[in-house]
Structure formats: C-alpha cells, structure tokens
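What the sequence shown shows, in the working numbering, is residues 1 to 132, in sequence order.
Keep in mind the hints are simulated off the structure, nothing from the lab. Bear in mind the structure is a predicted one, so any value in this text is a computation, not a measurement. Quick reminder that beta carbons are idealized off the backbone N, C-alpha and C, glycines included. Keep in mind that a hint or two might mislead.
Derived DEER-like restraints, expressed as beta-carbon distance ranges [said to hold, decoys possible]:
| # | residue 1 | residue 2 | range |
| --- | --- | --- | --- |
| 1 | ASP125 | ILE25 | 18 to 24 Å |
| 2 | VAL38 | SER17 | 39 to 45 Å |
| 3 | ASP20 | ASN67 | 39 to 45 Å |
| 4 | GLY109 | ASN24 | 27 to 33 Å |
| 5 | ILE22 | GLU61 | 25 to 31 Å |
| 6 | THR68 | VAL102 | 24 to 30 Å |
| 7 | PHE98 | SER17 | 16 to 22 Å |
| 8 | SER41 | ASP7 | 22 to 28 Å |
| 9 | GLY34 | TYR3 | 21 to 27 Å |
| 10 | ASN15 | HIS87 | 25 to 31 Å |
| 11 | THR14 | LEU35 | 45 to 51 Å |
| 12 | ALA13 | THR121 | 43 to 49 Å |
| 13 | TRP21 | THR54 | 48 to 54 Å |
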Amino acid sequence: MTYEYIDRAISHATNLSILDWIANIPCLCFVEAGLALVYASTSKLSTTSTSSVTGVYLLEEKIDCGNTKFTKFIHNVQYTPHLKPDHNGFHIAEFLVFTQHVQYIKTDGLAYISDYQGSNTLLTDPQILTHP
C-alpha cells in the first residue's frame, strides 16, 4: 500500500530534485512465515487411519542483521520512532511512521501497523491496530 502510494506520487512529481530523496527510501518487507502442523495417528489397529493435529508451530524466515542489531523501530503503544535521531536506523523508523500515516489515511482510519521491528530490510511480529 505505502510503496504504491509512493510510486504514484513519484510518477506525478514535477520537481526533478526529488530523485535524491527517492534514493533514500528504505526497501522493507515482512519475513516469510508459515505454519507447521504436527499430526498423530489416532488408531493403530484400524484399517482406516485418522489423524489429529497435536501441535502447531509458527515458522519465520531468519532475519540476518549483518553488522547491525535487531532493532525495535516503533513500539506498539507509540506513534513516534523508538530510536534517537543519532541512531543509524532512525531514517527507517521515520519512514515507518510515514507508512503508518499512509495506512491510516488509506483505510479511512480503520487500521495501521505498529510494533515495527527487525533489520534494515526485514521486519517481523507486527501488530495491526484497529482502534487507534
């Protein structure tokens, strides 16, 4: 949603100096995730075997932070960056505050994502707030 909003704004821009600004837009996405289900057979003697789920695990893509640390950019009870301006991830936190604003406007105030955390490219464990 936010990157589509940005792309549309760029395509309508008349000021070519915006190119310097575009180069600093973070390229972020959420980790890939899935569920792993553990099944156990309920009958060993019957010719018809049935299975039931005995465990469920959430699996997420590993976040490789490289030379940086896993970072909390925005806390789920704040609408401002969780980092100080001199932190090297502050520009990402500011961008994520911008994404919250776009989400709030585009959903007519119904929802936005908070609790942004992860690396400089991958985010995980978001909270979708529906009663801001």
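Structure-based check of each hint:
1. At about 23 Å, the CB distance of ASP125 to ILE25 agrees with the hint of 18 to 24 Å.
2. Judged by the Cβ atoms, the range 39 to 45 Å given for VAL38 and SER17 is violated: they are separated by roughly 56 Å.
3. Between ASP20 and ASN67 the beta carbons are some 25 Å apart, a value that contradicts the proposed interval 39 to 45 Å.
4. Checking the proposed 27 to 33 Å range against GLY109 and ASN24 shows it holds: the Cβ atoms sit about 28 Å from each other.
5. A C-beta distance of roughly 27 Å is found between ILE22 and GLU61, which places it inside the suggested range of 25 to 31 Å.
6. THR68 and VAL102 have their C-beta atoms about 25 Å apart, which keeps the hinted 24 to 30 Å range intact.
7. The hinted window of 16 to 22 Å between PHE98 and SER17 holds, with their beta carbons roughly 19 Å apart.
8. A C-beta distance of roughly 51 Å is found between SER41 and ASP7, which places it outside the suggested range of 22 to 28 Å.
9. Taking the beta carbon of each, GLY34 and TYR3 are about 23 Å apart, inside 21 to 27 Å as hinted.
10. Range check, ASN15 to HIS87: Cβ separation about 29 Å, and the 25 to 31 Å hint holds.
11. THR14 and LEU35 have their C-beta atoms about 47 Å apart, which keeps the hinted 45 to 51 Å range intact.
12. Between ALA13 and THR121 the beta carbons are some 25 Å apart, a value that contradicts the proposed interval 43 to 49 Å.
13. At about 53 Å, the CB distance of TRP21 to THR54 agrees with the hint of 48 to 54 Å.
When held up to the earlier numbered hints, the structure conflicts with 2, 3, 8 and 12 and fits the remainder.
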